[in-house]
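So the protein lines, in turn, are chains F and W. Going by the numbering used here, the first residue of the first sequence is number 1, and it counts up by one from there. Going by the numbering used here, the first residue of the second sequence is number 565, and it counts up by one from there.
Worth double-checking, as some hints may not be accurate.
Distance ranges between label pairs, derived from CB positions [unchecked claim]:
#1 W:Gly-687 / F:Thr-301: 30 to 38 Å
#2 F:Leu-564 / W:Gly-593: 33 to 41 Å
#3 F:Lys-294 / W:Ser-585: 46 to 54 Å
I should point out that these hints are in silico values taken from the structure, not numbers from a laboratory. Backbone N, C-alpha and C fix where the C-beta goes; we use that ideal spot for every residue, glycine too.
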Amino acid sequence: MRKELLLTKILLQCGMGSALPAGKKKRQIIGQWALYLLIAVCIVPLLVLLYQFARGMYHSLSPLHLEYLAYDITLLLLSFTTLILSLPFAMSVLFLAKDIEYLLPMPFSPWQIAGAKVTTVLLYEYLTTAAIGIPMFAGIGVAAHHGPAYFLFALLILAALPVLPVIYGCLLGVLILPLTTKLRRKEAITTFFSILIVILSSSIGLFASYFGDALDNLDLVAIITGNSRLLMQAEYLFPNLRFAGSALENTAPLMLLLYVLTALAAILLFLLIGNRFYLKAVSGMNEVSQKREKLSAAEETRALKIRGIVRSCAAREWKLLVRTPVYFLNCVLSAFIVPVILLVALIIPLLGNTAELTAALQQMPQFLNMFHTEQFSGILMLTVFGITVLFCAMNLSASTCISREGSNFIEMKYIPVPYKKQLQGKMLCSIALSFAATLPYMILLIAAGTVILHTPVWLFIPGFAINVFTIFIVGYFQLIGDLWKPKLSWTSEQAAVKQNVIAMLTMFGVLVLCLLLGLGCIGLYLLRIPVYGILTVGILILGVLAFGLRAFAFRYGEKALARL
Amino acid sequence: MITLTNVSKTYGNSNIKAVDSQTWEIPDGKITGFIGPNGAGKSTTLKMITGIITPDEGSIEINGHDIVKDPIAAKKQFGFVSDSPDKFLRLKGIEYLRFCADVYDVPEAQRRERIDLFANRFGLTDALSSRIISYSHGMRQKLMVIGALLHNPSVWILDEPLTGLDPGSSFALKEMMREHAAAGNSVLFSTHILEIAERLCDYVAIVNRGRIVFRGTLEQLRAGYPGGMSLENIFLEMTNHA
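Whole structure, please, built from the sequences with the hints as guidance.
Structure representation (structure tokens):
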């Protein structure tokens with residue numbers, strides 16, 4: 001056990017080394033704390049929302065004597081969130097981390113390595129569990145007028161809650177990897193799990209949206225017959241949540257004890273399985289097969305054709321983006337898959353409620369008569385802007401383009417290519433991706449507007465301009481963020497993208513900036529300025545902002561890269 | 565030829581100079597070994613020569629081009645092999661070489677001819693169609709060497725180039741370095757292995773605590789330490805008492 005704790009400490013130090021302010025200069029420490037403070041400020045609204053959601057949920061369910069559902073939903077939400085977030089962490093820490101190669105030859109038992117690693121994942125997960133769980137349990141506690149015992153119980157349950165989801169995440173790898181001998185390639189495994197995570201995330205999204213709708217409508221039948229069944233099915237996955245729910249609702253010590261004991265039993269079971277299968281799962285993880293085939297003359301000619309330097313940089317960038325699973329998921333696929341998930345999440349609840357849908361369709365002509373064509377045009381253009389902002393912000397290719405270089409960034413410095421051209425190559429990829437992800441929606445929206453709302457066909461021209469300028473604004477804004485503080489020191493590609501705080505802050509920053517621009521347009525309309533006038537001024541502002549940001553990004557980029 | 569004039573570098577706010585007033589040159593037609601203990605300032609010097617970091621004081625010229633004032637022209641003069649070959653692991657070998665050829669404007673016929681030549685010499689022909697991630701350390705190192713030499717630079721700068729190479733490839737690279745220097749070009753390479761320096765270098769520069777403590781031929785170095793001292797002992801003597 002002593003060795004396991006020692007190993008956990010080392011793994012945590014290695015994993016969080018760069019995130020901890022210790023050992024840095026005073027200015028850096030202040031800067032880092034200031035950054036953490038900024039992040040804390042950014043998440044405060046989310047915490048308030050969660051608190052209010054839980055409180056509101058309890059108040060809504062209380063008159064129907066379904067208070068227990070508030071506890072169950074909160075516990076399930078926390079468990080699912082932890083499961084989804086722990087999957088990539090578990091894969092990264094248990095199977096893909098480079099330290100495996102150093103740990104395997106050391107005199108550790110497999111259960112000690114697996115145990116230390118699962119503890120590391122668990123400790124990371126406490127951050128998110130606490131961030132979601134504390135406001136939600138507090139919301140319910142306040143709504144139900146619970147005493148201090150409830151809050152103490154809630155804290156203890158929060159401490160045990162991530163255990164089962166984290167162990168599920170780890171077990172999935174431990175049990176599946178030894179069977180997948182043909183998939184024994186880092187890329188294939190990571191891609192497989194990445195897709196699994198996306199599917200899980202979208203399922204939980206759909207589940208939440210379906211359930212949220214039922215709660216909004218306070219549809220008693222749906223809650224009791226539909227969602228209770230859904231909840232019961234979900235509880236098969238986390239059977240010990242019944243104890244936790246009961247412990248919270250009735251502040252019952254025995255239930256709490258049972259809950260903690262089941263969590264401990266899960267740990268013991270994992271250690272037993274880990275001892276048997278962990279080594280099989282991780283040994284040979286780094287083996288990558290080689291073709292050993294000589295290129296034919298024709299292949300060689302094709303492969304060595306001259307390309308312009310910007311195109312060459314872009315091609316290299318593109319190949320690295322597509323072939324690295326973490327980059328592929330977050331920088332390529334996200335721009336395409338998030339819109340689909342959002343659409344499905346919007347459509348499913350509608351399809352589930354056909355009566356309301358039919359009523360809405362019947363009221364459509366009345367709705368259409370309420371607005372003028374000009375107003376529809378304005379709404380349409382604003383929607384094009386909003387969709388472009390949202391989908392492009394999800395695409396992290398620009399906001400991590402320097403960070404992804406990692407230690408390879410020195411190559412950027414010694415090759416005889418001006419920094420501006422290298423940045424142009426990187427941005428070419430990012431902008432092309434954003435364009436491909438948003439253009440179809442822009443075309444669909446304006447075409448639908450023309451057919452259904454009878455808006456003018458020429459809206460394609462301003463729509464295209466808004467689309468292009470917005471892509472530029474978002475992309476170059478993200479690039480500036482990454483140039484400002486690139487995360488070059490990382491041990492896994494995951495850290496360059498998913499644990500990149502600046503990339504996340506840039507995403508929020510760009511959303512806020514664009515929200516202000518959108519609100520500005522609405523404000524101008526309320527001042528009775530004609531819609532097409534606002535449209536013209538808006539496009540001009542977007543254009544100036546897009547090209548201004550582009551010029552600034554390249555000028556700033558040259559200085560920032562020279563300084564690195 | 566590389567010329568360093570009064571070059572200094574201090575990291576952050578520390579008062580310790582990583583490189584301290586270095587003035588020396590890497591002559592044409594010679595293989596220059598750059599030797600020094602860990603932390604002596606070798607890597608910092610190489611990083612300044614290649615434009616990765618800028619000196620606080622002094623100037624560095626490569627074939628007459630100042631690396632700070634005229635960086636693009638200066639960078640075109642050299643081929644650099646860094647100490648870590650773990651780069652762009654998800655590209656195929658041939659894709660990496662194409663990128664290098666594009667970066668250095670190598671004409672199509674020449675890139676093909678030189679890739680064939682080097683790949684044959686290093687026994688890498690069959691591996692070029694595979695991704696770099698599947699290469700061994702030595703194979704990656706050889707690929708980096710090919711990428712650096714593709715544009716036929718007159719100045720070669722190699723940071724620990726022989727680490728991880730098998731005997732055949734190590735021999736081939738040493739031969740290539742000799743041929744390159746014999747053709748009137750300059751080769752600068754850093755190493756920790758004194759035996760390699762002894763057998764390969766025409767000229768050595770020994771750095772300790774950021775300062776160049778010796779420049780000259782190995783014969784000149786030995787002449788300063790009579791009594792048949794080995795190169796290893798001379799090196800230890802110089803770096804311990806400098």
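At the C-beta level, are W:Gly-687 and F:Thr-301 separated by a distance inside 30 to 38 Å? violated, 22 Å
Is 33 to 41 Å respected by the C-beta to C-beta distance linking F:Leu-564 and W:Gly-593? Given about 35 Å between the Cβ atoms, the range holds.
Take a look at whether the Cβ-Cβ distance between F:Lys-294 and W:Ser-585 falls inside 46 to 54 Å. With Cβ atoms ~52 Å apart, the hint holds.
Of the hints listed earlier, the one the structure fails to meet is number 1.
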